[in-house]
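J.: Given chain A, put chain B in place with the hints provided.
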Amino acid sequence: MKEKVISVHNLVKKFGSFTANDNLNFEVFRSEIFGFLGANGAGKTTTIRILSGLSKPTSGEVTVAGFDAYRQTEQIKKNIGYMCQKFSLYEDLTVKENITLYGGIYGMSKSLIKERTHELLEKLHFQEYENRLISDLPLGLRQKLAFSVAILHEPRIVFLDEPTGGVDPITRRQFWEMIYETAARGITVFVTTHYMDEAEYCDRISIMSEGKIVALDTPENLKKQYNAATVEEVFIKIARPILSPTTPEILPRISPGNFNPPTPHLGG
Amino acid sequence: MQKIIESSGITKNFGTTKALNDISFSVNESEVFGFIGPDGAGKTTLFRIITTLLLPDKGEIKVLGLDCTTDYKALRKNIGYMPGRFSLYQDLTVEENLNFYATVFGTTVKENYDLIADIYSHIEPFKKRAAGKLSGGMKQKLALSCALIHKPKLLVLDEPTTGVDAVSRMEFWDMLGKLRQHNITIIVSTPYMDEAMRCDKVALIQNGKILAIETPQKIRDGFSRKLFTVKSVEKYRLINTLRKYPGTLTAYPFGDSVHVTFINDSADKTLYDYLNKEGISDVVVHEAKAGIEDRFLELMEGKIK
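So the protein sequences, as listed, match chains A and B. Start counting the first sequence at 0; every next residue gets the next number (numbering that gives the first Met the number 0). Start counting the second sequence at 0; every next residue gets the next number (numbering that gives the first Met the number 0).
Next up, chain A with everything else stripped away, as it sits in the complex (with noise of 0.2 Å):
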């Protein structure tokens, strides 16, 4: 039996009288590389928002590493890690100062924290930009350790939202094969992009339109039921533009945060 990492029942989240996630229904597995795909304005930040404690459902029932999203956030906050494109890493601190900024918010000791910086420049041969500000980095190098940032404190789920945009085409595979990884050591991976190529590398994906999920399944079961040879046509086909005059396509903005990135104290 697969372990569930987040389970989401009848999630609804309205803002005023816009409903932004339309009823939701999901479960995501330990391991599994998931793929949040959607248009833009469908809702999926809504969502993510919610699975990552910082929003509450309207209604619904939502668990996350185990604990509940309504009354459990701060807990959900520590069992997960979260890299977006537009935030990743503080700019004016070296590579080491943002690792241990990080490792120190997650409330990790500081011998654990010198052993995983250790571990993690090696890794990403990283040893001679150690002391280098994150302004000075090209911005692949910069993605990938803002990824290995948010997995420092080896939480359950790392959210990653458009974790590779405008990043050149090697790098862009280098950091999937950082993802193939992080999801073979166990931790789930939940993942937004427009590429939709990448979405083709995932366990499972779903498509979101208008609030709701219009498609859940393997890329390969999607892409027999919509007769379609890519991932990208199955996306034509159902994540239809929201951009008929008649549709209400303004996301609801309730609180200036709503556009933002997660506050930075959530990590990566």
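Each hint should be verified, as a subset may be incorrect.
Quick look at which bits of chain A chain B covers, simulated, 3 or more residues with Cβ under 8 Å [stated by the list, open to error]:
no.: 1; segment: 104 to 114
no.: 2; segment: 203 to 214
Sample of chain A residues lacking proximity to chain B, with all beta carbon distances greater than 12 Å (derived) [as the list claims (entries may be wrong)]:
no.: 3; residue: Leu53
no.: 4; residue: Phe66
no.: 5; residue: Asp91
no.: 6; residue: Leu120
no.: 7; residue: Asn130
no.: 8; residue: Thr163
no.: 9; residue: Tyr194
no.: 10; residue: Lys236
Calculated directly from the structure, the hints in this document are not laboratory data. For each residue, glycine too, the CB sits at the ideal point set by N, CA and C.
T.: Same frame as chain A, but now just chain B:
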């Protein structure tokens, strides 16, 4: 045919960073010319030079027959520029932004409406809404409308589709296709290799250097090896096993398969035997036509070696 852009030897440094290193290219009238490359390749710097917002350290560049460094005033009237970051006034409405841009360029929305009708009609129902409250796809359409409202001869689009979903990206390229009927030359940058196929000509750019300039078809034809796609259910194990196989030259994951080149340019029995021995028995191998991204990877590898 008139050259819309002619540049030779453009170099630009920021401190010790070589942002652009000896860039030469030319763009013909009514062409859709794509600059394809990752973040940090130098695309934005180049576009800022083309739009007269930045001076090159070295090299010459003429746009619409005018010199970018001396004739910038005349030139700016004929360029429409959509920067990578959303640059409109967030607290003005959709309609106010469009009127503002028209006025700045001494024209009216009415005068050039036919040019933007296709694009603007999607957001017109929301014309009273503040630009800052639009979603990504709509902001993109508004920005494009504003860049077009003075009927420029050259449209410069810096990563218009970055962070945009696959459906909206496709739509955006359809809109660009329609603009060609209006005799507008378009240069566009993107990190998405698949979008290269929508351009007449593309320049692959990396670390401030142009790796290749060709039609997309010719770039694909430039791939120097026979390319094979290899599929198995166990993707990660397949990649690692293929890399260990002595006959493998390169192995990169591409969607649901691995793109592989072999030293002897063939997928022979030795390969099947090897994979079988390693416990991968379900492989399906096909010879395939290289895509833009395959060629980009090949060119990048050449740089590394």
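J.: With reference to the structure, classify each hint as holding or not holding.
T.: Hint check results:
1. 104 to 114: It is violated: at least three residues are needed, and the segment 104 to 114 of chain A offers just 0 whose Cβ sits closer than 8 Å to chain B.
2. 203 to 214: violated (count 0)
3. Leu53: 20 Å, holds
4. Phe66: 30 Å, holds
5. Asp91: 17 Å, holds
6. Leu120: Since the minimum Cβ distance to chain B is about 22 Å, leucine 120 of chain A lies beyond 12 Å and the statement holds.
7. Asn130: Holds, because the least Cβ-Cβ distance between asparagine 130 of chain A and chain B comes to about 18 Å, which exceeds 12 Å.
8. Thr163: The claim is violated: threonine 163 of chain A sits with its nearest Cβ about 10 Å from chain B, within 12 Å.
9. Tyr194: 8 Å, violated
10. Lys236: Since the minimum Cβ distance to chain B is about 10 Å, lysine 236 of chain A lies within 12 Å and the statement is violated.
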